[in-house]
Each structure stands twice: as C-alpha cells, then as structure tokens.
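Peer 1: First to last, the sequence lines map onto chains A, B and C. Per my numbering, the first sequence starts with residue 1, numbered consecutively. Per my numbering, the second sequence starts with residue 1, numbered consecutively. Per my numbering, the third sequence starts with residue 1, numbered consecutively.
Please note that the accuracy of each hint is not assured.
Claimed, not checked - Just some of the chain C residues that point at chain B, by a computed CB distance under 7 Å:
#, residue
1, 49
2, 52
3, 75
4, 81
5, 160
6, 163
7, 218
8, 278
9, 286
10, 301
Simulated from the structure, these hints should not be mistaken for laboratory data. All values reported here derive from a predicted model rather than from experimental measurement. For each residue, glycine too, the CB sits at the ideal point set by N, CA and C.
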Amino acid sequence: MTSRRNPQLNAHGELIHLLSIEGLPRATIHQILDTAGSFLSVNDREVKKVPLLRGKSVFNLFFENSTRTRTTFEIAAKRLSADVINLDIARSSTAKGESLLDTIANLSAMHADMFVVRHAESGAPYLIAQHVAPHVHVVNAGDGRHAHPTQGLLDMYTIRHYKKDFTGLTVAVVGDIVHSRVARSDIHALNILGVPEVRAVGPKTLVPGDLREMGVRVCHDMAEGIRDADVIIMLRLQNERMSGAMLPSAGEFFKTFGLTPEKLALAKPDAIVMHPGPINRGVEIDSVVADGGQSVILPQVTFGIAVRMAVMSIIAGNLC
Amino acid sequence: MTSRRNPQLNAHGELIHLLSIEGLPRATIHQILDTAGSFLSVNDREVKKVPLLRGKSVFNLFFENSTRTRTTFEIAAKRLSADVINLDIARSSTAKGESLLDTIANLSAMHADMFVVRHAESGAPYLIAQHVAPHVHVVNAGDGRHAHPTQGLLDMYTIRHYKKDFTGLTVAVVGDIVHSRVARSDIHALNILGVPEVRAVGPKTLVPGDLREMGVRVCHDMAEGIRDADVIIMLRLQNERMSGAMLPSAGEFFKTFGLTPEKLALAKPDAIVMHPGPINRGVEIDSVVADGGQSVILPQVTFGIAVRMAVMSIIAGNLC
Amino acid sequence: MTSRRNPQLNAHGELIHLLSIEGLPRATIHQILDTAGSFLSVNDREVKKVPLLRGKSVFNLFFENSTRTRTTFEIAAKRLSADVINLDIARSSTAKGESLLDTIANLSAMHADMFVVRHAESGAPYLIAQHVAPHVHVVNAGDGRHAHPTQGLLDMYTIRHYKKDFTGLTVAVVGDIVHSRVARSDIHALNILGVPEVRAVGPKTLVPGDLREMGVRVCHDMAEGIRDADVIIMLRLQNERMSGAMLPSAGEFFKTFGLTPEKLALAKPDAIVMHPGPINRGVEIDSVVADGGQSVILPQVTFGIAVRMAVMSIIAGNLC
Chain A
1 MTSRRNPQLN AHGELIHLLS IEGLPRATIH QILDTAGSFL SVNDREVKKV
51 PLLRGKSVFN LFFENSTRTR TTFEIAAKRL SADVINLDIA RSSTAKGESL
101 LDTIANLSAM HADMFVVRHA ESGAPYLIAQ HVAPHVHVVN AGDGRHAHPT
151 QGLLDMYTIR HYKKDFTGLT VAVVGDIVHS RVARSDIHAL NILGVPEVRA
201 VGPKTLVPGD LREMGVRVCH DMAEGIRDAD VIIMLRLQNE RMSGAMLPSA
251 GEFFKTFGLT PEKLALAKPD AIVMHPGPIN RGVEIDSVVA DGGQSVILPQ
301 VTFGIAVRMA VMSIIAGNLC
Chain B
1 MTSRRNPQLN AHGELIHLLS IEGLPRATIH QILDTAGSFL SVNDREVKKV
51 PLLRGKSVFN LFFENSTRTR TTFEIAAKRL SADVINLDIA RSSTAKGESL
101 LDTIANLSAM HADMFVVRHA ESGAPYLIAQ HVAPHVHVVN AGDGRHAHPT
151 QGLLDMYTIR HYKKDFTGLT VAVVGDIVHS RVARSDIHAL NILGVPEVRA
201 VGPKTLVPGD LREMGVRVCH DMAEGIRDAD VIIMLRLQNE RMSGAMLPSA
251 GEFFKTFGLT PEKLALAKPD AIVMHPGPIN RGVEIDSVVA DGGQSVILPQ
301 VTFGIAVRMA VMSIIAGNLC
Chain C
1 MTSRRNPQLN AHGELIHLLS IEGLPRATIH QILDTAGSFL SVNDREVKKV
51 PLLRGKSVFN LFFENSTRTR TTFEIAAKRL SADVINLDIA RSSTAKGESL
101 LDTIANLSAM HADMFVVRHA ESGAPYLIAQ HVAPHVHVVN AGDGRHAHPT
151 QGLLDMYTIR HYKKDFTGLT VAVVGDIVHS RVARSDIHAL NILGVPEVRA
201 VGPKTLVPGD LREMGVRVCH DMAEGIRDAD VIIMLRLQNE RMSGAMLPSA
251 GEFFKTFGLT PEKLALAKPD AIVMHPGPIN RGVEIDSVVA DGGQSVILPQ
301 VTFGIAVRMA VMSIIAGNLC
C-alpha cells in the first residue's frame, strides 16, 4: 500500500499533508492544479474570501525567516477564512530549549488544525507530520535543501497554464541546482508529470554529474542547456555562493549563465521564463528578460496564492 | 464592600478585570471554570468560533516576550471572534520614552476593549486597570513575580477535571516557589477553593520558611513533600537559577527534586502530574514522567485556551 | 486637467490614493472629514465593524518602524473588515537586495488591494503609486520629511470638530517645523481650508525664514507666536535634535518654547492644544497642559481611527 511508504496520503490515498512532491501520484498533482484554477477566479472577484477553512486555526511556524513565503501562506489561509497565527519561533520557547516535538505537542493541544512549517533542517516537516494527531495537517514551506513542494506545484501550474500539455516539453532549470530545494521539487514534479526532457544547467560546482540520478540531463554549457527549451526556470543565486570556492564572482556567473536576451534567443520563440523570486537583477537574470514579454515571474506569484489555497483546502478536507 | 478593596470586581461583585487570583470569591472562580467547560466542546466542534467578542478589539501588550502565552490569548480571542492586535512593545513608543500610562491612554483612545498585559514589573496590570475607561477590561498575563492568574485558573480547571472535588486533596507544588508567579497564583487558588493541604516543596534557597505565611506546608524533603499527594505541580526551573548561589547545578537539582518514576511512586497511585510548561526534560521532570500516563501537561494547554476564552467573555460581559 | 499633475485623483477627480495633502481639492478634504464623522458613531456602537472592505487585502508596508501609526491603520482596516497583512520589511526580501518596485510588484501579484506605506525616503509612496495596477490603492503613512497626510487630516477633523469653521482661525504650529512631515501636512491643509493666519513658531534653527514660502507667518518669539491663537499644534521634539548644533538642550527648549499654563494663557481662552504624539512631557509640553481641559490630544487619536477608515474606504470605492 502506498500509505505505508508515503506519510502524505491516508489509507484511501487522499492527501493529508504536503511534505514533498516526490512520491505524489500524478492524479493528486493535477487535482491540486485543478483546484487552484478554480480559486483563481476567486482572486479576481470583488470579495475574494471563501469559507472553506472558517473556524480553522492555521499556524505559520517559520523556524527560518522568510517574509515572502510566510506572507503567501498567510494570504492564502485568510482567503480561505482561517484564523492565522504567526509564530516568531526564534523568540519562542524553542529558544528556551524546548524541543521541536514538545513545541508541536503544545500547539496541537491548543487545537491547531494546520501547521505550515519552514525549517533549516531537511525532514523537519516529516518529523512533525509523524507526531501530530490525525486531524492536524502539515504543509512543508521549505525544509533545508530538501523540498519546497508548494513552489514546485505553482511552477507546474504556471507551465500547464502556458503550455497546456507536459508530455512534449523541454524544461531547463538553470543555476545553483545542488543547493536548491526549489530545483529538487521542480525536477520531481516534472518527472511525475511526464516531461520528456528536463535539463539541469550550470557550472560543475553547482550542477554535479550525479544529479543525473534524478533523471535530468546535466548541461555545463548554457547554450546547450537552453537550446530549444519550452520553459526556462532560473534559480536565485544565493549571496553566500557568489564568492569563494563555488563561483569566481557574480559577474562571471552572469556572463556565463545569466539569462540575457541573446541567450534566451536560443530557446523556442514561445519559451517562457520563470523564477521563484526574489530575483537578482544582473546576477542570474538580465532586467530586460525579467521584465520582458516571455517572463511569467509575476503570474507565478499570483498562481502561488491559488495553489496554496488549493493545497490547504484539499488536505483539510481529507480528514481521516 | 468588596469592590473597594478589589479592583477586579464592580459594585455588583461582577468580574471586570482579571488581575490576580488573590481576593477572588470562590463562586467567581467556579463561574470561570464552568464557563471554560462550556467552551471545551466548542474546541472540538468543526467550526470553533463563537461570536461573543465579535467587533471587539483585544490588544496583546507584551512588555515581556512570551510567544507561548501570547499565542494562547491570541487563539482564545480569535475563537471569540475578536479583532486581535499584537503590539511589539519593545519597538514601540514606549521605547521612545512614552510612559506606560500614556501608551495605555492612547490605545484606549483607539477604542480598545481589552488589554492582555504581560509586564516584568509586579503590579503593572493593576496600574493600567486603575486608569482605563469603564468599558475597557484588563487581563493580567503575568506580572513580575506577582501573579499569573489565567495559569492559576487553568491549573484549577485541570484539578477539578480529574479530581472533581477540591476539599479532600493534597497538592504539592515543587521547585522554585519563591520566584514563581505561577506558584503564587496556584497557592491562592487552592486556598480559596478549600484544598486542605498545600505543600511547597524545594530547597531552602527556593522555598524559604516564610512561605508558610501563604498557608502552605513547607517541605525541604522531596519524599515528604510528595508522599500521598493527589496532585503534583512541577514548576519550570529558570536557567538563571541553575548555577550560582541558588543551586549547586541542574543535575544536582534533578537528583534531589526532579520528578522521576521512583519519586512519583510515593504519591497516591492516581496522582496527576502538572507543569505550566515549557518543560525542562531531565531538569525538573524525567521524560518518562512527562510523557507518562499520570501526566496531564498537554490537557492543561487545551484547558488553558478554554479558560482564557471564559475569562475574556466574562469580563467583557460585565460592562458596568 | 488636475489628474495630470495630481496622481492621487483619477480622471473624474476622485481620490484613488492618499499621498499628500498638497494639491487636494478642498471638497475632497471635507468629504474625508464628513465620512470620518459618520464612522465615529461606529466606534461607539457595540459591534464596531462595518463590511466596507470585506475580502480586501490591506498590506502595512512599514519600511520605517512605527508601532503606533501601524496600529492605527491596522485597527482602521480591521474595523472595515479587511484582511490585514503586516510586513516586517526590515527582515524581508528587501533586505536580500530586492528593489522597492520588485517588492511592490510581487505583493501586487498576490492581489493586494491597498498598500499603507511608511518610508524614510520622501516620495517613496508616489513611486509606488505610479507603478501599481489600477485597482490597487496607496496610502502614505509618512514619508521622510515630506508628508504625513492622514495625521494632517485628523488634525483638520479635530479643528473642525471643536471650532466648526476654518475661515476665522489663527493656528500656531510650534516646534521643530523644518524636520516635521506633520507640520508640512498641517500647513498645506490649513491653507487649503482657508485658515487666514497660520504661524510657524520656534527657534531659527528649526523654523528658518524661508518657511514663509509655505504661506505661514514665522515667529521666533513664543509669546508672539501663540498670542490670541485659536489652535496650538505642538510638535514632538525628536531626541536627535535635543543636543548638538540645533538646540542648546531640552531644558532650554522647554523654557523658551515648551507649552506651559503661563504661555497657554496668552492664547484665546477657548484655544485647543493639539499634539501628534507621543508627547515628551516637560520637553515640548508641560504635563499640566497635556492633561488639562484645553488639551484635545486623546480625542485626536480617536478621530485618527475614523479618518483612516474614511480614507481607506473612499479610495477603495473609487475604482477606475
């Protein structure tokens, strides 16, 4: 049975947590994207709220600061009419030496219905999901270098929105693949959805050859990596990689792997350009491209709210 | 008249603020516990919100950080449908040199309905209650070493839930009594509710003999302190006491006063173990006890939400 | 056409942003004050909420900390039933090097309906208003030394409330005029509303002669400045001006320009005393005056909530 290996699904195969895209059935991903699509019209209506999580308490547990991601979950939960409690974990009991599981047990005893968890440690959301009561749901909002599944899902929503069908696409993921939970979630999702060619593009320090085990084509040459691509996903270059052993310099990276109009011209004429944000203009992407007609970076943000509403309402509905 | 001495009650003896358990009529305490009981079913319902404070503005004024306590009040207020405003006092006008009473006057002018106040200075919530307009209510969420009345009330709810009647009980409060506002509130409540034997258990540095004035039996011997107890309330040992003049070491404290299964065996077989949290595993309590069948530490947390909802709705309803 | 020069108004002359009082039509100011008046009864009702912004998402973007001002906007938005998202900008992507306009573009893509912006740079709210989509509205909550229009409007509400008619008044603004966005907004509003005599009162370092260009009478003598005034607006003396080149000392400032009962006696007998808060007792104002019968400092705070509700509901209703 799937449920034994996959703690995200209940005995009926229904989604009860979102921890990772790895191991999600293709139908579950499409269910999330379809539900997100139905919420998008909600976002354009005058009154955007729906009562699907009315009376539910959603806790944002950000052990790692991320105002942007926390805000998207807060908006999504409020549009579902949930009560949202933001916990500043850095200053809470955890700082007093309380263990992660004791913190979770206490918040559960306050009748939390959902935890949205970001944590620097890979696997922390799994640990939490294993210890919560059956009526409590967990969403991984990014754990270590492991996974960022809602980002992966919103990227899939974006690709489906613009390209309709996954089965004929070439998708290039460009940049610091090895340290990126976004890349990892995207690659798993693209594989599950049947994308025939997924390329991991970047220097050897950031895109080592063993990434081939994830079912990607590794390209250390930018031209080869984006030639005839339908979709280009640029990753944010973290500041801490920009100097030292990993990379010669930000300028050098831009020259070789930064997405300029010239390089973009190698992709298909209708290729779309994606980025999880926040963008580093002039580091991994040229402003002309970021603001250009092929960029779908801002629609990604809009779709992200709808995808998070979809995930939250689906897992909350699967009470087992 | 009671109201002259007790600023918590109006001229009709109704509760309008919750500042301290000291001086509360026994009937008022039972009214709060009864009301909390009626909210507990609310917490198990699908939609947990009740509209009792709809349209009211509750301000969390935490002059001292406490994410855990602030969260319980935020949840309680939101489940009563109040608007909750969390003020980060450390960064506010108070830091600019505005006095406490000027801050309160300004927030009152914004039509605050309730202040939940935590302050390092004993008596700060009294000072505030003396200066607010008649329609504004104050809840003490912990002031200095003085009082933590909602913790005291949730502890009484817990004891009543498991032991039904207070009048035959032996209750042991163990640990750092002298610095604990929780202990102080618990002891006052136990006295008011007619508990015949309340014991204060711990080393002489943390349980000085003059505590006897509070109507407790002082025990410097752990075995004597918990023998035949019905209820054991373990207190959190603050880090700053663990070294220096007060205590030889955390390890030494655990050896003598830490609650282990062996020591717990001295209490009545159906004794319950309580703790205000967050627990220090291996300092004041053994994990086997904290997670064991006699521990009611997590139910305390659940009851705490209901008790805070009860306090807030009762004082808001007593408009004079 | 007005709309070309004034980005606050749409093609029909309707208010769509509130960026500055400068350039607002007198009728628009009166419309805001009239609307605020209608909300004031709301603040006294048992249920204070009105559903005018139900389902709208209001983002508090405070690039400069101000708990007090942020709180007034949060309360106002919640009383209009909006969803409020407070962004701690100092810790957000902006800190990661994202530009102001990229931050705004991203939040807009999350379907923000309104931005309440405080920024240390004069003009930042204008820049934002120029780049948001037509359905998004911007309120300036204070930008650099430039403007603080909602403070100016609540000051006008206060004056109209107590003095009924602007056209016969003498208004003295006292203190650090040159660094004060409040003074600037007040002076523009008083001019637009037809106050015949506006005086800027203070030492030459804080009230330079070229302020006359704003249509005020510059007074370096306190007695001359407040004699026969109907309204005295005392400004907060910022700590950083109290020593050094600008002023000899706080004590010296109080002696010369601090509002004492003796100096207040020079004004009209029914003069009102205003202050934007937080007050520095004994620096710019004597406690006897601040707490006295002519002080309307706390009513200003109450009116401020109603004025902010008025501004938010008016600009949200002017969808173009």
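Peer 1: Output the indices of the hints that this structure fails to meet, ascending.
Peer 2: 2, 4, 5, 6, 7 and 9
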